[in-house]
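Engineer: So the chains spell out like this:
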Amino acid sequence: EDQVTQSPEALRLQEGESSSLNCSYTVSGLRGLFWYRQDPGKGPEFLFTLYSAGEEKEKERLKATLTKKESFLHITAPKPEDSATYLCAVQERSNSGYALNFGKGTSLLVTP
Amino acid sequence: GAGVSQSPSNKVTEKGKDVELRCDPISGHTALYWYRQSLGQGLEFLIYFQGNSAPDKSGLPSDRFSAERTGGSVSTLTIQRTQQEDSAVYLCASTRDGRVNTGELFFGEGSRLTVL
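Residue numbers (my numbering), protein chains in the order written: chain A, 74 to 185; chain B, 9 to 124.
Some hints could be false.
[As the list claims (entries may be wrong)] Taking beta-carbon pairs under 7 Å as the criterion, some of the chain B residues facing chain A (in silico):
{"id": "1", "residue": "G50"}
{"id": "2", "residue": "Y56"}
{"id": "3", "residue": "F73"}
{"id": "4", "residue": "E76"}
{"id": "5", "residue": "L99"}
{"id": "6", "residue": "G111"}
{"id": "7", "residue": "E112"}
{"id": "8", "residue": "F115"}
{"id": "9", "residue": "G116"}
{"id": "10", "residue": "E117"}
{"id": "11", "residue": "G118"}
{"id": "12", "residue": "T122"}
[What the hints assert, rightly or not] Cβ-Cβ distance ranges computed for the label pairs, FRET-style:
{"id": "13", "chain 1": "A", "residue 1": "E133", "chain 2": "B", "residue 2": "S17", "range": "21 to 31 Å"}
{"id": "14", "chain 1": "A", "residue 1": "E90", "chain 2": "B", "residue 2": "K25", "range": "43 to 53 Å"}
{"id": "15", "chain 1": "B", "residue 1": "K25", "chain 2": "A", "residue 2": "R134", "range": "44 to 54 Å"}
{"id": "16", "chain 1": "B", "residue 1": "S17", "chain 2": "A", "residue 2": "E82", "range": "25 to 35 Å"}
{"id": "17", "chain 1": "B", "residue 1": "R72", "chain 2": "A", "residue 2": "E133", "range": "39 to 49 Å"}
{"id": "18", "chain 1": "B", "residue 1": "N18", "chain 2": "A", "residue 2": "K132", "range": "44 to 54 Å"}
{"id": "19", "chain 1": "A", "residue 1": "R166", "chain 2": "B", "residue 2": "A10", "range": "31 to 41 Å"}
{"id": "20", "chain 1": "A", "residue 1": "S80", "chain 2": "B", "residue 2": "S46", "range": "16 to 26 Å"}
{"id": "21", "chain 1": "B", "residue 1": "Q49", "chain 2": "A", "residue 2": "E118", "range": "13 to 23 Å"}
{"id": "22", "chain 1": "A", "residue 1": "G89", "chain 2": "B", "residue 2": "D26", "range": "47 to 57 Å"}
[As the list claims (entries may be wrong)] Under the rule of at most 20 Å between Cα atoms (straight-line distance), these lysine to aspartate or glutamate pairs were calculated in the DMTMM-like manner:
{"id": "23", "chain 1": "A", "residue 1": "K132", "chain 2": "B", "residue 2": "E112"}
{"id": "24", "chain 1": "B", "residue 1": "K65", "chain 2": "B", "residue 2": "E52"}
{"id": "25", "chain 1": "A", "residue 1": "K177", "chain 2": "B", "residue 2": "E112"}
{"id": "26", "chain 1": "A", "residue 1": "K141", "chain 2": "A", "residue 2": "D112"}
{"id": "27", "chain 1": "A", "residue 1": "K152", "chain 2": "A", "residue 2": "E133"}
{"id": "28", "chain 1": "A", "residue 1": "K152", "chain 2": "A", "residue 2": "E131"}
{"id": "29", "chain 1": "A", "residue 1": "K152", "chain 2": "A", "residue 2": "D112"}
{"id": "30", "chain 1": "A", "residue 1": "K136", "chain 2": "B", "residue 2": "D32"}
{"id": "31", "chain 1": "A", "residue 1": "K132", "chain 2": "A", "residue 2": "E88"}
{"id": "32", "chain 1": "A", "residue 1": "K152", "chain 2": "A", "residue 2": "E118"}
{"id": "33", "chain 1": "A", "residue 1": "K132", "chain 2": "A", "residue 2": "E165"}
{"id": "34", "chain 1": "A", "residue 1": "K177", "chain 2": "A", "residue 2": "D155"}
{"id": "35", "chain 1": "A", "residue 1": "K115", "chain 2": "B", "residue 2": "D105"}
{"id": "36", "chain 1": "B", "residue 1": "K65", "chain 2": "B", "residue 2": "E28"}
{"id": "37", "chain 1": "A", "residue 1": "K177", "chain 2": "B", "residue 2": "E52"}
{"id": "38", "chain 1": "A", "residue 1": "K136", "chain 2": "A", "residue 2": "D112"}
{"id": "39", "chain 1": "A", "residue 1": "K141", "chain 2": "A", "residue 2": "E129"}
{"id": "40", "chain 1": "A", "residue 1": "K177", "chain 2": "B", "residue 2": "E76"}
Treat the hints as calculated values from the structure; they're not laboratory data. Given the structure is predicted, the values throughout are model-derived calculations rather than measurements. All residues carry an ideal CB built from backbone N, CA and C; glycine is no exception.
Chain B with its partners taken away, still in its complex shape (with noise of 0.2 Å):
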């Protein structure tokens, strides 16, 4: 496909599960950004990938969030022991690495995590 896909689309775990999240950037881009969305909420960001390696974690809430990045390709994002408050769509970009500048960003259609 052309665009940044996500998966799962929908997740529904109960709390205090692990979950992984899946995004596959678009071919060529080496920049990949994980945002988390709130209801009522601006994008939160999360962790900016640079190829294979996070220069910028800043954003991860707590340790229970980790994110890695293998090939300079395919991201996971995986939350343990989930909480109720990690509820959201957590969204995936990617960009060119000459483009991180220009703010232009390409995004998937996110992830939708509900923890019961």
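Okay, chain A solo, but in the shape it has when bound (with noise of 0.2 Å):
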């Protein structure tokens, strides 16, 4: 079973909509969650981490929110350069929780 499902696993928004993509996640305790973005043929960047419930970071049209089952990125007024793979990813709090375990993204078009 899946620790990560983000979805949907592909959104076509015009310059300017508004919308969220969703990352659903499954462990026993959560350490910490994380939203990354991938262009085309580059490695993974950090945007975000969250701890807990509540807790809600912003960097400049994107926010990202937690709950206890999910976590949101909200795109506010998306520009074409927003166009990425948006990744999800969890770390379980547990003796040997090094690993950053990934959903498998959602692939974000901005149209202009």
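Hints given; two lone chains; assemble the complex.
Structural biologist: Below, the structure written as structure tokens:
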């Protein structure tokens, strides 16, 4: 069973059309939830870390929120340069909790 | 360079051959990760290094896969007797040891492996 499920798999928005990406997770104890952005042919780029339910982080047009079961990445008035794959990952609280377990991502396309 | 460097960027090999993939982390980063990204799949964790030791190698898919790190810096991922299902992009990431729990990893651009 996947620990991290992202939806939708793909999303097409017009420039300025706000929306949200979802990341649902199942871990016994959450150490942290992370959002990354990945451009084609590049490695993922870190965006945010969230540690506890109710926490929010913002960066430009992006805002990440966290509940006990899921996280949302809200994109306000997106621009074409926001087009990328957005990845969600979790780190489990355990003795060997070093790995970040990633979802399959949401591919976002923003058209002018 | 300022970022994580991986080589080769592209590797095409024949089934059954061995391959070595190299990662140069950011200077001073003691934590190093290897991930694999297959088409349509998420990033799959392979191994984590803290300095030269690997406290978590739970993601290595078979005994054909091994990795080492020397001098607390460069790491090499070796795949023996490659199979077609090994075709993927292999990504390396590093961070400062105290930053592991922040999830702020710095990724390289990856090594694309194609096994014919």
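Engineer: Against this structure, judge whether each hint is valid.
Structural biologist: How the hints compare with the structure:
1. Because the closest C-beta pair between G50(B) and chain A is about 4 Å apart, less than 7 Å, the hint holds.
2. Proximity of Y56(B) to chain A holds as hinted, the smallest CB-CB distance being about 4 Å (cut-off 7 Å).
3. At about 15 Å, the closest approach between the beta carbon of F73(B) and any beta carbon in chain A exceeds 7 Å, and the interface hint on this residue is violated.
4. At its closest, the beta carbon of E76(B) sits 17 Å from a beta carbon of chain A; the interface hint therefore is violated under the 7 Å criterion.
5. Evaluation of the L99(B) hint against chain A yields a held restraint, the C-beta minimum of about 5 Å falling below 7 Å.
6. Using the Cβ-Cβ criterion of 7 Å, the hint placing G111(B) at the interface with chain A is satisfied: the shortest such distance is roughly 4 Å.
7. Annotation: E112(B) was flagged as interfacial toward chain A, and the flag holds, the nearest CB pair being 5 Å apart, inside 7 Å.
8. The interface hint given for F115(B) is met, as the beta carbon of that residue sits about 3 Å from the closest beta carbon of chain A, less than 7 Å.
9. Evaluation of the G116(B) hint against chain A yields a held restraint, the C-beta minimum of about 5 Å falling below 7 Å.
10. For E117(B), the suggested interface contact is upheld, since its CB lies about 5 Å from the closest CB of chain A, less than 7 Å.
11. The restraint placing G118(B) at the interface with chain A holds, with a minimum CB-CB distance near 6 Å, inside the 7 Å limit.
12. Because the closest C-beta pair between T122(B) and chain A is about 15 Å apart, greater than 7 Å, the hint is violated.
13. Against the hinted window of 21 to 31 Å, the Cβ-Cβ separation of E133(A) and S17(B) comes to about 30 Å, which satisfies the hint.
14. Separation of E90(A) from K25(B) is about 49 Å and conforms to the stated range, judged on CB atoms against 43 to 53 Å.
15. About 46 Å separates the C-beta atoms of K25(B) and R134(A), a value consistent with the hinted range of 44 to 54 Å.
16. Checked against the hint of 25 to 35 Å, the C-beta distance between S17(B) and E82(A) comes to roughly 27 Å, which is consistent with it.
17. At about 43 Å, the beta-carbon gap between R72(B) and E133(A) stays in the expected band of 39 to 49 Å.
18. Here the CB-CB span from N18(B) to K132(A) is close to 32 Å, at odds with the stated 44 to 54 Å.
19. A hinted range of 31 to 41 Å holds for the C-beta pair R166(A) and A10(B), which are about 32 Å apart.
20. Take S80(A) and S46(B): their Cβ atoms lie about 20 Å apart, and the range 16 to 26 Å holds.
21. Between Q49(B) and E118(A), the C-beta spacing of about 19 Å keeps the proposed range 13 to 23 Å intact.
22. Between G89(A) and D26(B) the C-beta distance comes to about 52 Å, which sits within the given range of 47 to 57 Å.
23. About 15 Å separates the Cα atoms of K132(A) and E112(B), which keeps this hinted pair within 20 Å; it holds.
24. For the suggested pair K65(B) and E52(B), the alpha carbons sit about 12 Å apart, so the restraint of at most 20 Å is met.
25. Proposed proximity of K177(A) and E112(B) is supported: the alpha carbons are some 18 Å apart, at most 20 Å.
26. With a C-alpha separation of about 29 Å, the suggested pair K141(A) and D112(A) falls outside the 20 Å cut-off, and the hint is violated.
27. Distance check on the hinted pair: K152(A) and E133(A) sit about 11 Å apart at the alpha-carbon level, within 20 Å; holds.
28. Between the alpha carbons of K152(A) and E131(A) the distance comes to roughly 16 Å, so the proposed pair stays at or under 20 Å and holds.
29. The suggested pairing of K152(A) with D112(A) holds, with an alpha-carbon distance near 15 Å, which does not exceed 20 Å.
30. Annotation: proposed proximity of K136(A) to D32(B) is violated, straight-line Cα distance about 32 Å (limit 20 Å).
31. For the hint linking K132(A) to E88(A), the alpha-carbon distance of about 18 Å falls within 20 Å, and the restraint holds.
32. The hinted pair formed by K152(A) and E118(A) meets the criterion: a straight-line CA distance of about 18 Å does not exceed 20 Å.
33. Annotation: proposed proximity of K132(A) to E165(A) is violated, straight-line Cα distance about 25 Å (limit 20 Å).
34. Taking the CA atoms of K177(A) and D155(A), the gap is near 18 Å; set against the 20 Å cutoff, the hint holds.
35. Note on K115(A) and D105(B): the hinted pairing is violated, with a Cα-Cα distance of about 24 Å set against a maximum of 20 Å.
36. Between the alpha carbons of K65(B) and E28(B) the distance comes to roughly 17 Å, so the proposed pair stays at or under 20 Å and holds.
37. Between the alpha carbons of K177(A) and E52(B) the distance comes to roughly 10 Å, so the proposed pair stays at or under 20 Å and holds.
38. Restraint check for K136(A) and D112(A): the C-alpha separation of about 19 Å stays at or below 20 Å, so the hint holds.
39. Restraint check for K141(A) and E129(A): satisfied, since their Cα atoms lie roughly 13 Å apart, inside the 20 Å limit.
40. Of the pairs offered as hints, the one joining K177(A) and E76(B) is violated, with about 27 Å between alpha carbons and a cut-off of 20 Å exceeded.
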